[in-house]
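Colleague: Just add 54 to wherever you are in the sequence shown, counting from 1, and you've got the working numbering.
Simulated from the structure, these hints should not be mistaken for lab results.
Hints may be right or wrong, so weigh each one.
As the list claims (entries may be wrong) - Pairwise CB distance ranges, derived in the manner of DEER restraints:
#	residue 1	residue 2	range
1	V78	H99	30 to 40 Å
2	A79	L57	18 to 28 Å
3	A100	T76	29 to 39 Å
4	R58	S86	30 to 40 Å
5	L57	L111	14 to 24 Å
6	E80	A56	33 to 43 Å
7	L57	E80	35 to 45 Å
8	T76	R96	16 to 26 Å
9	H99	A79	36 to 46 Å
10	D101	E80	35 to 45 Å
To be verified - Subject to a maximum C-alpha distance of 20 Å in a straight line, what follows is the list of computed EDC-like cross-link-like pairs (lysine to aspartate or glutamate):
#	residue 1	residue 2
11	K95	E64
12	K95	D108
13	K95	D105
14	K66	D103
15	K66	D105
16	K95	E65
17	K95	D62
18	K66	D109
19	K66	D108
20	K66	D101
Just so it is clear, CB atoms sit at the ideal spot from N, CA and C, and this is done for glycine as well.
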Amino acid sequence: MALRSMADIEEKVAGAVSLYNTSVAESERIASVSLFGSYAKRMAHADSDIDLLDDMLHDMSLEAFLVDDRTERAAAMTPTTSGNWLSAS
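Model the full structure from these sequences, guided by the hints.
Modeller: Listed below in structure tokens is the structure:
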């Protein structure tokens, strides 16, 4: 895989979030997306994946959040970016 520019990542994520948010109820929309991992640290290489963390608008209990093993691992990660690209208005 070729190394992607930050502008390309932001454009693709913004488009995907917009498409998703127009197809679901307002309470189920994505509020923000954060980049973490090697791209956020500016250490990405050709084989790097793009790590994204989304924040949904709806409230979810911690118990429900931790039910899925993948979600539990994601909850333990600390995003390395200083802010979000996308915020709900």
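Colleague: Each hint needs a verdict: does it hold in this structure or not?
Modeller: We went through each hint and held it up to the structure:
The hint said 30 to 40 Å for the Cβ distance between V78 and H99, and at roughly 35 Å that hint holds. In this structure the supplied range 18 to 28 Å is violated for A79 paired with L57, their Cβ-Cβ distance being about 37 Å. Distance hint check for A100 and T76: the Cβ-Cβ separation is about 33 Å, which falls inside the suggested range of 29 to 39 Å. For R58 and S86, the hinted distance range of 30 to 40 Å is not satisfied, since their beta carbons lie about 20 Å from each other.
A beta carbon spacing of about 32 Å between L57 and L111 contradicts the range 14 to 24 Å that was offered as a hint. Separated by about 36 Å at the C-beta atoms, E80 and A56 satisfy the suggested range of 33 to 43 Å. L57 and E80 have their C-beta atoms about 36 Å apart, which keeps the hinted 35 to 45 Å range intact. Between T76 and R96 the CB atoms are about 32 Å apart, so this pair departs from the stated range of 16 to 26 Å.
Checked against the given bound of 36 to 46 Å, the beta carbons of H99 and A79, roughly 39 Å apart, stay inside it. Distance hint check for D101 and E80: the Cβ-Cβ separation is about 38 Å, which falls inside the suggested range of 35 to 45 Å. A hinted pair counts as satisfied when its Cα atoms are at most 20 Å apart, and K95 with E64 qualifies at roughly 15 Å. Of the supplied pair hints, the one linking K95 and D108 holds, its CA atoms being roughly 18 Å apart against a limit of 20 Å.
Restraint check for K95 and D105: satisfied, since their Cα atoms lie roughly 11 Å apart, inside the 20 Å limit. Distance restraint check for K66 and D103: the Cα-Cα separation of roughly 14 Å lies within the 20 Å cut-off, and the hinted pair is therefore satisfied. About 13 Å separates the Cα atoms of K66 and D105, which keeps this hinted pair within 20 Å; it holds. Simply put, K95 and E65 have alpha-carbon atoms about 19 Å apart, close enough for the 20 Å limit, and the pair holds.
The straight-line distance between the Cα atoms of K95 and D62 is roughly 16 Å, inside the 20 Å bound, and the hint therefore holds. Using a Cα cut-off of 20 Å, the hinted pair K66 and D109 holds, with the two alpha carbons roughly 17 Å apart. Taking the CA atoms of K66 and D108, the gap is near 14 Å; set against the 20 Å cutoff, the hint holds. For the hint pairing K66 with D101, the CA-to-CA distance comes to about 19 Å; that is within 20 Å, so the pair holds.
Checked against the numbered hints above, the structure breaks hints 2, 4, 5, 8 and satisfies the rest.
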